[in-house]
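**Student:** Chain residues, written in single-letter form:
Number of protein chains: 2
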Amino acid sequence: MYRGFEASEPTADDLKALAQSRRNTAADVIRLTTLAGSGHPGGSLSTLDALLVLYRFGHLRGDAPHAADRDRVVISHGHISPGVYATLAHHGFFDIQEAYAGFRRAGSVFGGHIESVVPGVEWNTGNLGQGLSAGCGYALAARIHGRDHRVFVGMGDGEQQKGQIAEARRFAHKYKLDNLVAFVDVNGLQIGGDTAEIMPTDLDAEWSAAGWRVLHVDGHDHTALYRAFREATRGETGGRPTVLLLETVMGKGIPFIEHQAKYHGSTLSDEQAAEAFRILEVENDLDVLRALRAERSATLPHTVVVDREIHLDTGAAAERSADVHTDCRSAYGEALEDLAARNAGDEAAWPVVGLSCDLEGSVKMNAFHARTPDRFFEVGIQEHNAAVIAGTLSKEGIVPFFSTFGMFGVVETYNQQRLNDQNHAAPKTVVTHCGLDVGEDGPTHQCIDYVALGRNLFGMEVYAPADPNETDHVIRAVATRYAPTIVAMGRSKMPTVTLGDGRPAFGRDYAFTPGQWPTVREGTDAVVFAFGTMVGRAVKASELLAPEGIALRVVNASSLQPFDRECILACARDVGVLLTYEDHNVHTGLGAMVAGVLGDEGVAARLQRLGVSRYGTSGKPDDLFAEQGLAPEHLAEAVRAMVRG
Amino acid sequence: MYRGFEASEPTADDLKALAQSRRNTAADVIRLTTLAGSGHPGGSLSTLDALLVLYRFGHLRGDAPHAADRDRVVISHGHISPGVYATLAHHGFFDIQEAYAGFRRAGSVFGGHIESVVPGVEWNTGNLGQGLSAGCGYALAARIHGRDHRVFVGMGDGEQQKGQIAEARRFAHKYKLDNLVAFVDVNGLQIGGDTAEIMPTDLDAEWSAAGWRVLHVDGHDHTALYRAFREATRGETGGRPTVLLLETVMGKGIPFIEHQAKYHGSTLSDEQAAEAFRILEVENDLDVLRALRAERSATLPHTVVVDREIHLDTGAAAERSADVHTDCRSAYGEALEDLAARNAGDEAAWPVVGLSCDLEGSVKMNAFHARTPDRFFEVGIQEHNAAVIAGTLSKEGIVPFFSTFGMFGVVETYNQQRLNDQNHAAPKTVVTHCGLDVGEDGPTHQCIDYVALGRNLFGMEVYAPADPNETDHVIRAVATRYAPTIVAMGRSKMPTVTLGDGRPAFGRDYAFTPGQWPTVREGTDAVVFAFGTMVGRAVKASELLAPEGIALRVVNASSLQPFDRECILACARDVGVLLTYEDHNVHTGLGAMVAGVLGDEGVAARLQRLGVSRYGTSGKPDDLFAEQGLAPEHLAEAVRAMVRG
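So the sequence lines, in the order shown, correspond to chains H and B. The opening position of the first sequence corresponds to residue 1 in this note's numbering, with each subsequent residue numbered one higher. The opening position of the second sequence corresponds to residue 1001 in this note's numbering, with each subsequent residue numbered one higher.
Please note that the accuracy of each hint is not assured.
As the list claims (entries may be wrong) - Calculated cross-link-like contacts (lysine to any residue; reagent style SDA-like; alpha-carbon spacing at most 20 Å): (1) B:K1620 <-> H:H302; (2) H:K174 <-> B:R1293; (3) B:K1262 <-> H:S362; (4) H:K174 <-> B:D1202; (5) H:K176 <-> B:D1202; (6) H:K620 <-> B:R1293; (7) H:K176 <-> B:E1197; (8) B:K1620 <-> H:E295; (9) H:K174 <-> B:E1601; (10) H:K493 <-> B:D1194; (11) B:K1620 <-> H:R293; (12) B:K1174 <-> H:A196; (13) H:K493 <-> B:D1202.
As the list claims (entries may be wrong) - To give an idea of the chain H side of the interface with chain B (calculated C-beta under 8 Å), a few residues: (14) S38; (15) G111; (16) R170; (17) Q190; (18) A205; (19) L292; (20) H384; (21) E412; (22) T513; (23) V594.
Said to hold, decoys possible - Incomplete in silico selection of chain B near chain H, CB under 7 Å: (24) G1111; (25) G1126; (26) E1360; (27) I1381; (28) A1452; (29) F1458; (30) D1525; (31) H1587; (32) R1606.
Bear in mind the hints are in silico, worked out from the structure with no lab data behind them. All C-beta atoms, glycine included, are put in the ideal place defined by N, C-alpha and C.
Please put together the full structure from these sequences, using the hints given.
**Tutor:** Written out as structure tokens, the structure reads:
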């Protein structure tokens, strides 16, 4: 059973127990940081009382850290990991000895910034400013699933300077997420000194301006904290989310470090720690714990608890015939609507959710939106916030499709996608208007780096389907695949890509398989690897060359991560004349992947890389391709030179 | 002479002229977008009156677009390019025929989003939310140079949702940039519909909360606009910057498109355009202009007007002897302070400015700060804002050093750095705590992707010096090099890298040359390319191997962009056994570069790539390196296997 914040006051026993918990966990903060010789005691101690009250009364149980009805807690200022670990251990999430042994040691789960491999930690943080967005995601997930638990987001006051928080605040207000409670540790100090001097910020005015209810609370008074959490969770705000501004003292409880910015990130010496233990009336067991750390590091495994079995009827891709001329994004929109429609009546199906940033029409989400209006969320021009929300939803048994232009869903939000990946989240970031193919919107909108960005992220999958038919297959395939995913497409309408016999290359019987590159045109004189809009252009080049007796094999590299190492090696071995052809930065995309494989294997194939070699201008896609030597005629000429030369 | 906003009212002649200008420029907005068949007429027409009043009275002259005393105008909602081009041409910045011929056509300067290759455009925009930060940069530059011109930033209302604007607002307030005037085109519509529905935002409350003076203005009343600009530029705000919230109508002046979100990004048909011209009482010359476009595209050259001759005494790097054990960031701090000190008395020297995001101590800027307190700016935890400010300063005859951790200065701000690059800006982004070497802060803080990110940006230079001595050389070299630059370093102290004879490898007589890779250890059995902290480790490996009779050549690849293609090819040719060894994602860093060169040249050297192959954990750097097979012993073993194997 959970305690809850229903009573008007904590009992005298509660207060006594909290006082004792406070001493013990404060001592653990000192132990952890002094043992490691690094870490963040100051903010841990200023946030500690709020954590203790929250974990005592909130719907949180150490013996059921993954219960569906648990409250979700996101600690956005992830550097207060000592305070978080001390609190979680104190509430039975794990044995504190594990943290003593492993804190800030290679291979341990107990990192300097909290990670969700630790029981009780929902969301990895450390890059400031993202936690409130994660809280929005959890709060939205609760709404979608019809669950009545709460979401609590702890934040630092220095962190309040990050712009993304303004985005998250607006989103929570728009969607009336009154199941969301933020609490800010206003200790008035950040690394560089007084927060008011580093960057003056009127927290009350800013949160109020965004429509939140603001409560000012003594962050070290357990009764006051209890009352504030109670007030924040009573649901009498007319839908407004609540933020608690906690007046706190950095280093609280250890007088000789209180109010000193230095102890944001500096640890106590053994002598100082001894004095702290005296003050806290706890045993000085540093020697014992040092022996423990000498004996072993951490033993808790890096276990990621996420439901990866996505239940969803993905139906079958439609087949657009050879004479159809449409764009991949329309095929995406149709597939997405079909996913929504065919799973609408199934209680066990994971909710399919759509998120857009003021580009619903451009990314073709309208039909999906109309079909399931309660599953579509317009995040506004707030891509950082949207990317994190999508990530969080994916960890809560939801299939989120986040769609905008490639520039905004991948480039602008690269660090948010990176943290999603570290969180083992699995949002489907389906981005349109990629490459020079975005055309007249010009260089600021030409996303020519998504392959490179995706390849930096170890867990990310990246797909760029060749035409609308393949798009349909890819969207359905990724829907039930638990992995963070980028599906990239251009803007323009295009012909259906066909096989040599005139049939659609990615028709009904096509089986899209991640990591496998299908051949679209056979050929033994040269091989071109292409993806996305360039596949059709490569086919055109092969058709230009055929009458000249040059047989150009066209390989569809739509699966960019994972990619098809075997195919590259087979083509190198069997043909030996290779080209890459991409609507992407030539240095960092497909060409770099192919060259890497050849280098790793010491294969001396001839390779020519055709791609975008400078920022494009603003104009019609075909003109932009021509400007950069990327028209089918250019590819044909390059092949000719390699084959004949 | 400039007119200025000194009079209490515009004259009757002014108002008459403005009314006529309005008709002509509105017609140009229609002409441009209908000719191109794409573009953004709606917001162009809603912002147009503000632009016309600003350019008529502001310190702006078409015949002197680069005058030092001109007001700077940043149009953050860069999609209103038709309105901007029409206004600029009307004020003599160029012939409107050029825009007619070139708008949204490949190779032209007149892109869909404004670019600074167009006379009168200061700053490329298109990715929303960055313009106010650019305005902060221009306003700060004026302060630093002691110039009294104004900075005006036009913005859209949909754009107000972007978090970065909250950061810029705070910065302007903190530094009392009352030479900065923002004006927001509040037409109430964005692509997806009503702004109030897409994402409710209380603009007055938000700007007020950030300490700005807010004026509400009828955005189509020329007298009201004049008065508002006058009020905003009178300097009677107690240092507060001013924002004008302009009440406007999307599509203003063409009644049949007014108030319709569709015309954010849709153009008028020929018939609609004809009707618009009738309403505006201007000639319908679409046929003539179509003929012009058929005859020629743009002729205006892509000229970037930036002063690239950086005047600065860069002194000479110090030499840390072989037995010194320090970190690169200390050497950076010393070099930066020396740059400040030795140029302090020189009126002609470009100001050296430091920007930090709450990490002044960690990035070792303290001495610089103390030496020239008026040249150091603490931006708070607002890296997006800081990156853009640094970029803008660089275009104004200032040498900005922007320093924070790699994760925040490069990864978090990738899209800001990208736009800096497209702007031909040249900030020095000197980032510390890169790689696994950041240690206990864990995976969220391990910047293992800066080489890959830098290589995506065509103009970016990327350097990762091998030790404190080379850091000193690099910092002085980049100070007078006009290019956007990333200088990356780790966190840890390290031994001085030495040559085989024991002398410091990067001592007094070392000449750092971008694009050249010096050899640190000779050897003919194998070659390892390394950069940053891995160079010293590679030297250690070579010392482990020497007694075994294996001579490992160690090449310092500190210049990552530009890089040394000739060196790679020479090593492949002369030795043929190559390794790359990096504290960076193994797929996307130095190894990928070397493989790319081998692939391009069809060279079949044997290559092994050692690098970071998964996110690190939190622990001591040496432990983290060992975890990923990156200790010197691992390198030695890999070399042994290749040489003997």
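**Student:** Next, verify each hint and record whether it holds.
**Tutor:** For each hint, the structure was consulted:
Distance check on the hinted pair: B:K1620 and H:H302 sit about 18 Å apart at the alpha-carbon level, within 20 Å; holds. Pair hint H:K174 plus B:R1293 does not hold up; C-alpha atoms about 46 Å apart against a cutoff of 20 Å. This hinted pair checks out: B:K1262 and H:S362 have alpha carbons roughly 12 Å apart, not beyond 20 Å. Between the alpha carbons of H:K174 and B:D1202 the distance comes to roughly 12 Å, so the proposed pair stays at or under 20 Å and holds.
Pair hint H:K176 plus B:D1202 holds up; C-alpha atoms about 16 Å apart against a cutoff of 20 Å. Straight-line distance between C-alpha atoms of H:K620 and B:R1293 comes to about 14 Å, which keeps the hinted pair within the 20 Å bound. With a C-alpha separation of about 13 Å, the suggested pairing of H:K176 with B:E1197 holds against the 20 Å cut-off. Restraint check: the Cα-Cα separation between B:K1620 and H:E295 comes to about 17 Å, which is no more than 20 Å; the hinted pair holds.
Restraint check for H:K174 and B:E1601: not satisfied, since their Cα atoms lie roughly 56 Å apart, outside the 20 Å limit. With a C-alpha separation of about 29 Å, the suggested pairing of H:K493 with B:D1194 is violated against the 20 Å cut-off. Straight-line distance between C-alpha atoms of B:K1620 and H:R293 comes to about 14 Å, which keeps the hinted pair within the 20 Å bound. For the hint pairing B:K1174 with H:A196, the CA-to-CA distance comes to about 10 Å; that is within 20 Å, so the pair holds.
Proposed proximity of H:K493 and B:D1202 is contradicted: the alpha carbons are some 39 Å apart, above 20 Å. At its closest, the beta carbon of H:S38 sits 5 Å from a beta carbon of chain B; the interface hint therefore holds under the 8 Å criterion. Given the 8 Å rule on beta carbons, the hint for H:G111 holds: about 3 Å separates it from the nearest Cβ of chain B. About 6 Å separates the beta-carbon of H:R170 from the nearest beta-carbon of chain B, less than 8 Å, and the hint is met.
Contact between H:Q190 and chain B, as hinted, is supported at the beta carbon level, the nearest pair being about 5 Å apart and thus within 8 Å. Nearest Cβ of chain B to the Cβ of H:A205: about 4 Å, under the 8 Å cut. The hint holds. Because the closest C-beta pair between H:L292 and chain B is about 16 Å apart, greater than 8 Å, the hint is violated. Using the Cβ-Cβ criterion of 8 Å, the hint placing H:H384 at the interface with chain B is satisfied: the shortest such distance is roughly 6 Å.
Taken as an interface hint, H:E412 checks out: its beta carbon lies about 4 Å from the nearest beta carbon of chain B, inside 8 Å. Given the 8 Å rule on beta carbons, the hint for H:T513 is violated: about 21 Å separates it from the nearest Cβ of chain B. At its closest, the beta carbon of H:V594 sits 7 Å from a beta carbon of chain B; the interface hint therefore holds under the 8 Å criterion. With a least beta-carbon distance of about 3 Å to chain H, the hint placing B:G1111 at the interface is held under the 7 Å criterion.
With a cut of 7 Å, the hint placing B:G1126 at the interface with chain H holds, because the nearest CB-to-CB distance is about 3 Å. Among the interface hints, the one on B:E1360 holds; its C-beta lies about 6 Å from the nearest C-beta in chain H, closer than the 7 Å criterion. For B:I1381, the interface hint holds, since its Cβ comes within 7 Å of a Cβ in chain H; the closest pair sits about 4 Å apart. For B:A1452, the shortest C-beta to C-beta distance to chain H is roughly 5 Å, which falls under 7 Å, so the interface hint holds.
Restraint check, B:F1458 versus chain H: the minimum CB separation of about 5 Å is within 7 Å; hint holds. With its C-beta approaching chain H no nearer than about 16 Å, B:D1525 sits outside the 7 Å limit, and its interface hint is violated. This hint holds: B:H1587 has a C-beta 5 Å from the nearest C-beta of chain H, less than the 7 Å allowed. Evaluation of the B:R1606 hint against chain H yields a held restraint, the C-beta minimum of about 5 Å falling below 7 Å.
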